[in-house]
Structure formats: structure tokens, C-alpha cells
Amino acid sequence: MNHDPISAPDLPVVQTHALSRHFGNMVALDKLNLTIEKGDLFGFIGSNGAGKTTTLRILATFLAPSSGHATILGHNVIKEPDAVRHLIGYMPDFFGVYKDMEVTEYLDFFAACYRIDSKQRESTVSDVLELVGLTEKKGALIGALSRGMQQRIGLARVLIHDPQLLLLDEPASGLDPRARIEMMAILQELQQMGKTIIISSHILSELQNLCNRVAIIEQGKLIYSGDVEGVAKQLSRDRVILASIQGDWEKAIGYLKARSEIADVQWDKDRLRITMADQQSNVGVIAQTLVANQIDLLSLTEDQLGLEEVFMRVTRGDTQ
Amino acid sequence: MKNLLPVVERELRVTARQKALYVHRGLLAFVAMGIAGMLMFFMWRLPPSRMGISVFYTLSCLAFIHAATVGIWITSDCISQERREGTLGLLFLTDLGGLDIILGKLTATSLKALTGLLAIFPVLAIPLLLGSVESHELWRVMLVLGNTMLLSLAAGIFVSTLSHSPKGALIGTFLMVVALLGGAPLLLWLIGFLGGESLIGEGVFQKASLHSAIYGLILGFQSNYLTEAASYWQSLWINLFLTIGFISAASILLPKTWQTEGRAKPKRATMKNPLSKQAQSAQIQGNPIAWLHQRSTKRWFNLWLPWLVGLLFWGWASYVHGSLFYAEPSSWVMTAYLSSVILKLMISSEMAYRLSDDRRSGALELLFATSITTSEMIQGHRQALHGKYRGPIILVSLLNAGFGLLLMLWDGFDTKTTCMVLAHLMLLWLDLRALFWFGLWRSLKSPSGNHANRTITFFALTLPWIVYVGMTLFSFQIFSVLFFGNRPTLGLEPGTIILATWFLIQCPWAIGLAILGRREITSHFRVLATSTSAQHQSLPVSISHQGVPDSPTT
Chain A
10 MNHDPISAPD LPVVQTHALS RHFGNMVALD KLNLTIEKGD LFGFIGSNGA GKTTTLRILA
70 TFLAPSSGHA TILGHNVIKE PDAVRHLIGY MPDFFGVYKD MEVTEYLDFF AACYRIDSKQ
130 RESTVSDVLE LVGLTEKKGA LIGALSRGMQ QRIGLARVLI HDPQLLLLDE PASGLDPRAR
190 IEMMAILQEL QQMGKTIIIS SHILSELQNL CNRVAIIEQG KLIYSGDVEG VAKQLSRDRV
250 ILASIQGDWE KAIGYLKARS EIADVQWDKD RLRITMADQQ SNVGVIAQTL VANQIDLLSL
310 TEDQLGLEEV FMRVTRGDTQ
Chain B
163 MKNLLPVVER ELRVTARQKA LYVHRGLLAF VAMGIAGMLM FFMWRLPPSR MGISVFYTLS
223 CLAFIHAATV GIWITSDCIS QERREGTLGL LFLTDLGGLD IILGKLTATS LKALTGLLAI
283 FPVLAIPLLL GSVESHELWR VMLVLGNTML LSLAAGIFVS TLSHSPKGAL IGTFLMVVAL
343 LGGAPLLLWL IGFLGGESLI GEGVFQKASL HSAIYGLILG FQSNYLTEAA SYWQSLWINL
403 FLTIGFISAA SILLPKTWQT EGRAKPKRAT MKNPLSKQAQ SAQIQGNPIA WLHQRSTKRW
463 FNLWLPWLVG LLFWGWASYV HGSLFYAEPS SWVMTAYLSS VILKLMISSE MAYRLSDDRR
523 SGALELLFAT SITTSEMIQG HRQALHGKYR GPIILVSLLN AGFGLLLMLW DGFDTKTTCM
583 VLAHLMLLWL DLRALFWFGL WRSLKSPSGN HANRTITFFA LTLPWIVYVG MTLFSFQIFS
643 VLFFGNRPTL GLEPGTIILA TWFLIQCPWA IGLAILGRRE ITSHFRVLAT STSAQHQSLP
703 VSISHQGVPD SPTT
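In the order they appear, the protein sequences are chains A and B.
Just so it is clear: in the first sequence, position 262 is 271 by my numbering, and no numbers are missing.
Just so it is clear: in the second sequence, position 262 is 424 by my numbering, and no numbers are missing.
Incorrect hints may appear among the rest.
Derived DSS-like pairs (lysine-lysine); straight-line CA-CA distance at most 30 angstroms [stated by the list, open to error]:
no.	chain 1	residue 1	chain 2	residue 2
1	B	Lys329	B	Lys607
2	A	Lys146	A	Lys128
3	B	Lys506	A	Lys108
4	A	Lys108	B	Lys607
5	B	Lys181	A	Lys108
I should point out that these hints are in silico values taken from the structure, not numbers from a laboratory.
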């Protein structure tokens, strides 16, 4: 069996088609269609119980879908689990470490589980420890390390067999700010090394800066999948423009409201908050109207919703 | 104490919602009725009064075994589990004191034991209706049973307060219960036996037995109570004071020991020896799972201690008693049998904790995310068991074969003795296989190591004996009924029939368990290992935490 992804360079790294999973009457995942390309740092967002972990566990070959299918670099996760396991590194949201082992012993053990030759294991362990910044802790007992360090050991374990795809379930949960920032920096470095990473997290502000693509899932259904920049445009119902002006703002509101392209105008602190009638409306009408009525326009910017705001708007937070 | 009632109320509500409570109660009542029915069937020729007394004695003894051992299974790990999971501290952050927690735990846990005992009582009262026992006798026995149950539960809680690991708590409580039931008389007998002469008079022996609930039970029966009434009450009071003592000690110790949990310095499992690095690397390369389960440095001491104690006992007894001990066939039979039982218990315990802890921590699931296959995993466990227990297995096999040979020589290669020795050796081998496969499966399936240990010990080592004894009695009675009291010999001696029955039950039983365990493990290892993950660890655990939740985490 060929596990080498180079043999299939054009294939998406992850592709799911109508992927569903039921637990009794509960629908944990409902016809999920997802495509993740090579090199993506993909944020997987959803409320608790939305279906994130179920999706990751199906991709990690731990769980069989009720219907639909999923492939990793062209390998079906159900029909070719052994091939898939070589291609992925799965880090669940618990540590699962052997606390009475040394750091190197633990990684050496997992390297052997991935059938890495004994001659290569020592250098591989050193490399991954250096990557996650734990070289100086290699002789320490895992149980004596902090939570952040144990999480980094988990990441080192995931990297030990040089997988193409990393499935990281809440890798930053419970970490202090420094450890979180360090973890995110490591992930960016891994992305630059060409790894494809799927990361589920609740810390949306960090995902916004970290990921190039995101998916939002709610009650097992995919709400959005695409660019981080596009998420606000696609999911926010209104297009909002912020305009700073010099002059009579009450008159300005009157002039702007008269335009059919504009749905609403409000004075928000020291600027105008203009809601366009639809996403395709020409923003130029704002400048034209204000200038024509001799009101000085100082600045004109589009109000970009953050990932957190979009998430709060499009999800109801219902859990199953 | 002011917080006790709400805690108790809450604990009782939680316990009352558990299905196991009702299953346990129903099962005990069913078993008691079954035994009583069988005994009455066996003794149908006897007058009702004699029939009733046999039922009463048998059920009293079985209920006593249940009452005396509940602490081992129910309370031995109740505090230590909360300590390991870090939830004990949450209770101390509230206004609860040590006594509140201990009594709350005792209430919750005693409910299951108490309802079980209450389910037996109506069956135990049948002899009263038959006119076999007086009501006073029934109440005396019930008092001993209730008292013993409380003592066992309190002893379990006390040991749990001091323990950290589930295995340690279980073994500690077992030894404590053994000591409570017969520690002093056993010690006196041992001193007498090893001293070469009876150093202790009858009176001293009886006084020393007063702490034993077994002695209390014996004295509770009418024939003994008539002459030893005072001793009965003394025994009862001593056990009650011991119960109060255990509860008080646990309440005092708990606030001082709960903080030791997560702060205990982690201990290295493998030797820090540069010379062994290369060997270690080679072993990991061969089968990482085998290495994982053989790496503990504590194994030498744990493995060889029982055999060392046995050797010392044999040496000293042979020195003191000479040929009366070492040339006595009963010494050989007992030594061979005890050594095989100890080995089986050790392997049963080893298998019980093999996977349960790793499954709960999620470590097992991580292994299945690697390239390790199910067959490599099983092979690794087999290698680890062989590697770890090779010495004791060889020792016990040689011991059993050697004593067997001596026994055959002694009996002039009598057919019955030869068959018995060969059957025993074959069963030893079959039981070890059954313990591996059945143990591995139960370890994966059970919610905790202690639960797995209990299941393996019961199904693999105890139940076949119960079935054997029941079958033997039953078959003799059936023949007795069919042939009007003349038991058929079928051309065989009764001893041969008993031996054949023993082999014909134990042998298929061991094979059946091995096949069942092997089929389940080979077919469902991955599913069982990954179906219940460890995410529950972060959930707050109540005072009566009950194993692993089954619902998926999405």
C-alpha cells in the first residue's frame, strides 16, 4: 500500500462527503461536506456538542460514520485505516500520557509504535523535542511537568512520524497565555513546513489570526467553510460602513437616508454607522451624497466583524 | 456534623437512582432462594426441623461471607479514587469536615450492601417457619451479619483513606478483613505450629478469637449461645468498637491526607541505568507494548515475596517438625494447591489492571492512533505476561509437578492419584490461558481495575468451584432419589466420581472462558479501547463517582 502523498499531489488532504454520525437518536454530525487543501491551517469552530470532536475522531479512524465517507489524501478512513494512520497525527483534548515515563522514553516508545527504526529514533526524538522547545526537559519525568509542557509533549508525539495532516482537538485548552502563544507559534512554524493542520478551538480571536481557513459547525451541520476574511462577508446579513465626517451629522443622516442604496444610518459615538441595503450596494454613493451636500468626509471604512462576533451571530449555542 | 444530613440525603438519592442497587438486591435474593430450594430438595427425606436448621446454617454462612467481604469490593477504593481524580479537595473546599465525608460515603456505600443483606433475611427466616430455629437465634445471627457488614465497610473506608492506588486499596482491605476475621487466632496457631508445640492454652485461644466476627457468628447459634452467651455479646461489642474506631480514625486522617494526592512526586517506572538503554531500545523495537507492560522496576519484589515467605515457612516447619512435615503428602498437596492459587490470583490481578487504567486515561486510545495493529497489541501483552511471570510460572509448574511425582511415588503410581496430578497440571495450564484472555477482555470492558479484578476472580476462579460443589451435591441427590437411596457407583469409587466431576467442570470452564475472551478481544479490541474515552477526567466528580460515562463527546 502506498502511503506517500507525493504520488497524489492534486488530491485535497481531507475530503468528506455527506458525513453523518448518529448516537442513538442524537445526530452528532449531519451530512458534513468539507474540503481541506494541502498547507491549510484550518480552524474548526463550534459550540460544545456541535460535532467537532466527532468529526476529528472519524478522521482519526476511531469512529465509523453512520453514513457518508471521508478521505485523507485519497485514502478512505474506513477502508484504509492503516494507510490513514500513517498520514495523520491526532492529538485529543486529553493528555493520555504515562506519567512515570521520561520525556524521551515516551517519545521513543511512540516512535517504535510507528515502526521507526531504532537507529533513526534517537535523532527523530531530538528533532521533535527541539521543534516544540523541550530539549532541556528530555530527561524529566512527564508527571513532573506542567500542563503546558505536557501539551507540548503531546504535540511532539503527534509529530514523531512526520505526518502530513495534524488533527488537534483543543490543543490550547487550559494553557496559560504564554503557553498558548507559544503553542500557536509552533503551529505556524509547522504550517510553514508544509503540514496541513486542523485545529478545533474555542479561542476564536487566536484562530482568526492563526488560520487561513475556517469552518463553523452547529448541531452537526456545516454553516460555513472558507477563508477567514470571507466569513464575515458571507455570514453577516448586513454590510456596515463607518464614516467620520466634519459638519452637521443630523443633516448628513437625512441626506444619506434618502438614498435607496442605504438601509439605515445612525450616529455611533463620533461617526456615522451606515447599513447598506444589500451586500452589493455601491459604497461610493456615501461619498457622493456627503460631498454633494458640502459635508466633509474624513474617513470611510467597512466594519469588519470579528470571528467571535460572526460566531455569536450565526450560532445559537444549542448543544446536543 | 451539622452538614451531615444534606450530604447523606444527596448520597442516598444518587445511590437510589443506580440500577445496580436493585440488580444486586434481586440477584442476592434469587441466589438465596435457589440455595434454600436446593438444600430443601436434597433433604426431602429429613424432618422439617432438621431440614430447616441445615438451610439456616448454610445461608447464615453464605450471608456472612457476603457481609464480611463487602468492604473489599465496595468501599476499599471509594476515597482513594476521589483522591486520584483530584475531587476530594473540592469537598474540603465546602463546609464539609472529615466525619461528614466519611459518614456520607459510608451511608451511600452501605445502602447497596444493606439492601443485599435485607434481601437474604426473608429467606433466612424460612427455618423459623419450619420450627427449626427460634426467633432469638435468628435475630442474633442477623445482628452479627449487620455488625460484620458495617465493620467490613468501615475497614474498607479506613484503608481507602490511606491508599492511593486502587490495587493497593483492594489488597490492603483484603488483608485487613482477613486480620479482623481471624488475625489473632491465626497468629497464635502459626506461633504454635512454628514453635513445634502448642504454646497457647485453650482459654487464651478463645479469648484471642473474641475479635473475630466468625467466632461471633458461631456463638450466635443456639447450641453455642446457651453456654457462651457472654462471649457472644463481647464479640459483638468488640466488632462495634472496631467499626467506630475505623470511622473515627478515617475521619481524623482524611483532612490530613487529602492534600497529598496530586502533589506526590511521580516515580520513575524504569531503571535509570545507562547499560540497560541498549537492551531497552531493542525491546521497544521488538514489541513496544511488551516493553510498556514490563518496564516497572518494582516487579522483582512484588513477584517473589509470596514465594520467599513460602520458602521460609517450609524451611522452618521442616526444621521444627522434621519428616512429620516435609514427608507428609498433605503438606505436598496443600503447598502445590496454594502455590497454584497464589499464582492464579497474581496473574488475575495483573490482567485486571492491564488496560483499565490506560483506557480511562486515554493512553490506550493514543496507541490505537499509531501503526500498532490489534494482533501486535495482543502479542505484546502475551510477551509482557511471559516476560514478567516466567519465573513464578516455571517455579509453580515445577513445584506442582515435583510434588505430584512424590505423591504418585507415595501411592505407588495409583491410577486415581496419577490422574488427579495430571488433571491438576493440565488445569493449571488451562487456567493460566483463561486468565490471560478473559482477564484482558474484562480489563478492557470493566469501568475500573478493581471491578475487573472482582469479575475475573469470581468468574475464573470462584464460580467453577461453586458450580462443582453444587453439581456434585445435586448429582448425588438426583441419583439418590432415582435409586431410592442407593447411590449408584457405576463401577467407580465415590472419590473417582468426585475427581471426574471436578475435571469435567473445570476443564470446559477454563477452555470456555479462554475462547470467549479471545473472541471478544480479537474482534472488538479497537472498538472497546476507543469507545469510552477519557474526557470524563475533567468533569467534577461527586462524592459517589461511578465510573466512566458512556455518552459520546462531540
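We went through each hint and held it up to the structure:
no. : hint                  : result
1   : Lys329/B <-> Lys607/B : holds, 17 angstroms
2   : Lys146/A <-> Lys128/A : holds, 22 angstroms
3   : Lys506/B <-> Lys108/A : holds, 29 angstroms
4   : Lys108/A <-> Lys607/B : holds, 23 angstroms
5   : Lys181/B <-> Lys108/A : violated, 35 angstroms
In the structure shown, a violation is registered for the earlier hint numbered 5 alone.
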